[in-house]
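Note that the protein sequences, when read in sequence, are chains A and B. No gaps in the numbering here: position 278 of the first sequence is 277 in numbering that gives the first Met the number 0, and each next residue is one more. No gaps in the numbering here: position 146 of the second sequence is 145 in numbering that gives the first Met the number 0, and each next residue is one more.
Derived from the structure by calculation, the hints contain no laboratory data. We put the CB at the ideal spot given by N, CA and C, even for glycine. There may be inaccurate statements among the hints.
[Said to hold, decoys possible] Not the full set, but computed from the structure, chain A residues with beta-carbon under 8 Å of chain B:
hint, residue
1, LYS210
2, ILE219
3, GLN304
4, PRO307
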Amino acid sequence: MMKRFLLTGWFALAGMLPAQDMPLSQILFPDEGWQLAAFGHEFTDAPTADADGNFYYSDLRSEQGLYKIIPQGKVVLYLKGMTGISGMKFGPDGKIYACRARTRELVSIDPESNKMTVLAKDVYPNDLVVTHKGYLYFTETPKKQVTIYNLKTGKMKPADVGITGPNGICLSPDQGTLVVSDFRGKHCWAFRIEPDGTLAHKQPYMTMRRKPAPTEERTILPAFQPSCRGDGMITDAYGRYYVATELGIQYFDPTGRISGVIPGPIGIKGITSVTFAGRNLEYMYITCFDKIYRMKTKTRGVLYQNGPQAYPPKKK
Amino acid sequence: MRTILFLLLNGSFLAAANYRPGPDAQRQEGVPQGKVIQGDWNDCKAFPGTTRSYWVYIPAQYNPKQPANLMVFQDGGGFVRENGHTRVPIVFDNLIHRKELPVTIGLFVNPGSVPGAEPGNQPRRNRAFEYDTVSADYANFIIEEIWPVVAKQHNLVIAKEPAARAICGNSSGGIATFTAAWHRPDFFGGVISHIGSFTNIRGGYVYPALIRKSEKKNLRVLLQEGLKDLDNLHGHWPLSNAEVSAALRFKGYDYKIVWGDDGHSGRHGGAIFPNSAKWIFSAPEAKNEIEAKPKIPEFKLTADSERQPDVPRGKVTQHILESDIFKGTRREYSVYVPAQYRADRPACVMVFQDGHAYLKEDGDVRTTVVFDNLIHKGEMPVTIGIFVNPGHRGEAFPENRWRANNRSFEYDSLGDQYARFLLEELLPAVGEKYNLSDKAADCAICGASSGGICAFTVAWERPDAFSKVYSMIGSFTNIRGGHVYPSWIRKTARKPVKVFLQAGRHDLDNAHGHWPLANEQMVAALRFMNWDYKFVYGDGQHNLKHGGAILPDALRWLWADHVKKN
Numbered sequence: 000m001m002k003r004f005l006l007t008g009w010f011a012l013a014g015m016l017p018a019q020d021m022p023l024s025q026i027l028f029p030d031e032g033w034q035l036a037a038f039g040h041e042f043t044d045a046p047t048a049d050a051d052g053n054f055y056y057s058d059l060r061s062e063q064g065l066y067k068i069i070p071q072g073k074v075v076l077y078l079k080g081m082t083g084i085s086g087m088k089f090g091p092d093g094k095i096y097a098c099r100a101r102t103r104e105l106v107s108i109d110p111e112s113n114k115m116t117v118l119a120k121d122v123y124p125n126d127l128v129v130t131h132k133g134y135l136y137f138t139e140t141p142k143k144q145v146t147i148y149n150l151k152t153g154k155m156k157p158a159d160v161g162i163t164g165p166n167g168i169c170l171s172p173d174q175g176t177l178v179v180s181d182f183r184g185k186h187c188w189a190f191r192i193e194p195d196g197t198l199a200h201k202q203p204y205m206t207m208r209r210k211p212a213p214t215e216e217r218t219i220l221p222a223f224q225p226s227c228r229g230d231g232m233i234t235d236a237y238g239r240y241y242v243a244t245e246l247g248i249q250y251f252d253p254t255g256r257i258s259g260v261i262p263g264p265i266g267i268k269g270i271t272s273v274t275f276a277g278r279n280l281e282y283m284y285i286t287c288f289d290k291i292y293r294m295k296t297k298t299r300g301v302l303y304q305n306g307p308q309a310y311p312p313k314k315k
Numbered sequence: 000m001r002t003i004l005f006l007l008l009n010g011s012f013l014a015a016a017n018y019r020p021g022p023d024a025q026r027q028e029g030v031p032q033g034k035v036i037q038g039d040w041n042d043c044k045a046f047p048g049t050t051r052s053y054w055v056y057i058p059a060q061y062n063p064k065q066p067a068n069l070m071v072f073q074d075g076g077g078f079v080r081e082n083g084h085t086r087v088p089i090v091f092d093n094l095i096h097r098k099e100l101p102v103t104i105g106l107f108v109n110p111g112s113v114p115g116a117e118p119g120n121q122p123r124r125n126r127a128f129e130y131d132t133v134s135a136d137y138a139n140f141i142i143e144e145i146w147p148v149v150a151k152q153h154n155l156v157i158a159k160e161p162a163a164r165a166i167c168g169n170s171s172g173g174i175a176t177f178t179a180a181w182h183r184p185d186f187f188g189g190v191i192s193h194i195g196s197f198t199n200i201r202g203g204y205v206y207p208a209l210i211r212k213s214e215k216k217n218l219r220v221l222l223q224e225g226l227k228d229l230d231n232l233h234g235h236w237p238l239s240n241a242e243v244s245a246a247l248r249f250k251g252y253d254y255k256i257v258w259g260d261d262g263h264s265g266r267h268g269g270a271i272f273p274n275s276a277k278w279i280f281s282a283p284e285a286k287n288e289i290e291a292k293p294k295i296p297e298f299k300l301t302a303d304s305e306r307q308p309d310v311p312r313g314k315v316t317q318h319i320l321e322s323d324i325f326k327g328t329r330r331e332y333s334v335y336v337p338a339q340y341r342a343d344r345p346a347c348v349m350v351f352q353d354g355h356a357y358l359k360e361d362g363d364v365r366t367t368v369v370f371d372n373l374i375h376k377g378e379m380p381v382t383i384g385i386f387v388n389p390g391h392r393g394e395a396f397p398e399n400r401w402r403a404n405n406r407s408f409e410y411d412s413l414g415d416q417y418a419r420f421l422l423e424e425l426l427p428a429v430g431e432k433y434n435l436s437d438k439a440a441d442c443a444i445c446g447a448s449s450g451g452i453c454a455f456t457v458a459w460e461r462p463d464a465f466s467k468v469y470s471m472i473g474s475f476t477n478i479r480g481g482h483v484y485p486s487w488i489r490k491t492a493r494k495p496v497k498v499f500l501q502a503g504r505h506d507l508d509n510a511h512g513h514w515p516l517a518n519e520q521m522v523a524a525l526r527f528m529n530w531d532y533k534f535v536y537g538d539g540q541h542n543l544k545h546g547g548a549i550l551p552d553a554l555r556w557l558w559a560d561h562v563k564k565n
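With the sequences and hints as input, model every part of the structure.
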């Protein structure tokens with residue numbers, strides 16, 4: 000105890016506490032693995048969750064609509080006809096906001112009436128988040144752009160341009176930081192969300208692990224692939240950032256340090272996205288093309304639609 | 000404990016555990032005091048949006064007509080405090096007054112953070128990004144951005160020679176000092192790293208490899224490290240400092256490592272700081288180290304490695320394979336089929352890299368003899384041994400089979416290409432004649448040196464195909480990047496693979512790395528992540544003598560899940 004005090008002491012008196020380490024042992028149970036949660040699809044994506052523990056997803060190639068997995072694990076068709084969706088989240092108003100990649104539309108869906116409203120046309124929406132203030136940020140991968148759509152004013156404008164393949168997008172639990180994954184580069188980029196919704200202080204805050212790229216000639220250090228195909232993102236209640244990549248789910252602590260890589264199940268075609276769902280948001284769900292898997296974890300997710308949350312959560 | 004003691008061979012050891020600031024870190028009567036001036040740096044160009052405090056210490060003896068020395072401190076607030084772990088202004092006042100230290104200006108900089116835009120929002124803490132990233136960015140921030148402004152503001156002139164400028168820090172601030180000097184040796188000539196995080200917080204594990212393979216830089220380095228320092232997801236601090244130290248030694252750097260027995264604290268570095276500061280600016284001294292000749296024990300083979308009467312012998316056949324994955328290569332391989340093999344039962348499989356070295360019945364390993372004996376006794380399952388040489392381009396195979404010209408590319412490269420060669424080319428070729436199990440639990444892989452890391456790489460990439468690894472004197476070094484594994488293991492969900500590692504304390508120390516420390520790093524990482532592993536550390540060199548002598552033990556351990564217990 001004394002030792003801990005002294006250790007934190009010399010940081011604390013200098014005005015800085017050492018960052019909290021977040022090893023895999025804080026996430027994974029030794030005896031839990033991936034469980035198959037849904038199969039028979041073509042291209043699953045757009046995972047999200049609600050406060051009742053339900054998990055929602057889309058099959059981009061299906062003509063059916065959106066699907067739901069209830070906490071007990073049963074798959075049901077959720078909203079019929081809501082097709083071609085590559086990213087969605089519940090907004091603070093209970094509506095679903097979605098990227099309809101196939102028709103190049105940004106839409107909102109009223110789950111009560113199953114009615115879709117087009118918010119913007121001729122966009123290249125891939126994935127999105129909605130803040131408690133009604134700022135909707137979506138990635139337009141081919142345009143190398145993150146776009147803000149203000150739900151209150153209906154106004155839309157570029158929020159950032161220049162990430163080579165902006166794809167996944169997520170918020171810190173307090174909704175003060177926005178993070179975007181780069182499908183064609185090695186970083187996840189952090190921004191500060193300003194009070195008016197603009198994005199400031201862009202930084203390549205997180206560096207993803209990439210596959211090796213062996214060369215016949217020996218180099219001083221080995222070569223790695225330029226990207227690991229950073230895709231869908233999510234945060235948990237402790238402020239960890241998760242990103243789906245070709246090496247598995249990689250996660251970062253709130254100070255941007257890579258802290259773990261969780262490979263997907265053997266034999267999958269890839270992982271397009273990741274989210275937390277379940278009664279206590281304790282299940283990590285991954286969308287793997289034709290299949291969905293989930294794994295029980297020691298952590299728990301965060302629902303952006305519930306508003307800003309201080310992190311890490313206080314112990315009960 | 001024996002493994003940790005190895006670290007101490009490269010440094011001096013301070014046994015006192017109660018590190019505290021000494022008399023040089025206490026105010027003495029009659030000693031003039033320099034000025035400490037605080038400032039804020041809130042319009043940062045290198046790290047946009049960050050704010051931070053900094054302090055500058057100007058000695059009482061400073062005279063702008065005489066260029067002074069400079070020392071820059073990371074986590075500056077901790078170093079500048081007069082009741083802190085190091086108390087730099089007091090130490091400098093005392094040493095400069097006694098003329099034991101040149102007139103030295105101190106610049107103390109805190110790490111930045113991007114404050115939240117609204118109340119309740121957490122700041123984006125930038126310490127790890129600035130300190131742990133392996134790049135010139137932080138050095139350039141100090142050298143190009145903050146120092147010129149501070150120097151101008153306070154009319155400070157420093158000596159031109161890098162040897163008159165040092166940089167000092169603790170933990171991530173420690174690796175930051177090395178990174179700064181490594182990327183800007185034109186500015187910094189001296190490095191003082193306390194409990195330096197030469198680990199994988201943000202890729203800093205590369206330094207031992209970089210130091211060994213880069214042109215020597217004109218740096219003087221002091222490392223302080225504690226035996227009880229951290230062992231966490233980012234790495235193993237004592238082993239990593241030992242690796243940096245061994246690399247500096249290999250490359251002939253002017254360096255010193257001071258070992259203590261403390262943990263991750265600034266106390267020891269602070270206690271020795273007066274001497275460290277004096278040393279870092281002192282004239283270089285000639286080093287005269289005499290290396291003792293190692294005593295290498297004899298590794299005796301057991302009865303399991305000798306032919307025994309009435310033990311049926313398996314058969315060995317020889318083949319040649321052309322590869323598509325390694326285009327243009329051919330290789331020899333031999334297949335050992337035990338006498339107990341039955342075509343209607345899938346046999347277990349064990350693949351040996353550099354197969355030629357494992358087959359000689361009068362050699363160091365004698366695998367077929369060991370297989371015959373252990374299978375006969377029921378101490379390992381009925382296992383087909385595949386002994387494959389590395390690929391070779393050209394008409395004839397080289398006389399010395401270790402010299403096959405595609406060996407290093409196939410064995411030392413990271414990635415799944417060699418695993419694909421085994422699973423898509425070699426095993427199917429053998430499987431045409433024999434009934435091989437394709438369950439991971441039934442498949443093992445073994446190799447020595449580069450073949451050792453190769454065996455691990457195959458199981459790392461394809462744990463669904465191979466679940467048992469025996470690495471002898473494995474080259475977990477930077478021949479082609481293999482030093483990355485301990486870092487990857489610590490931050491990857493554990494794989495269902497059993498690993499038996501054998502290493503020798505007198506193994507290689509060359510441009511690629513330090514084999515004993517590299518194997519210790521592997522073991523520490525496997526232990527941290529609770530892998531199923533076994534480590535045998537002997538006093539051997541870079542050969543198969545020890546690994547061969549313990550082959551029966553390794554096989555019994557690896558195959559224990561296949562043996563019925565009585």
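Right, here's what the structure says about each hint:
About 7 Å separates the beta-carbon of A:LYS210 from the nearest beta-carbon of chain B, less than 8 Å, and the hint is met. Given hint, A:ILE219 at the interface with chain B, holds; its Cβ is 5 Å from that chain's nearest Cβ, closer than 8 Å. Evaluation of the A:GLN304 hint against chain B yields a violated restraint, the C-beta minimum of about 18 Å exceeding 8 Å. The interface hint given for A:PRO307 holds, since its Cβ lies 7 Å from the closest Cβ of chain B, which is under the 8 Å cut-off.
Checked against the numbered hints given earlier, the structure breaks only hint 3 and satisfies all the rest.
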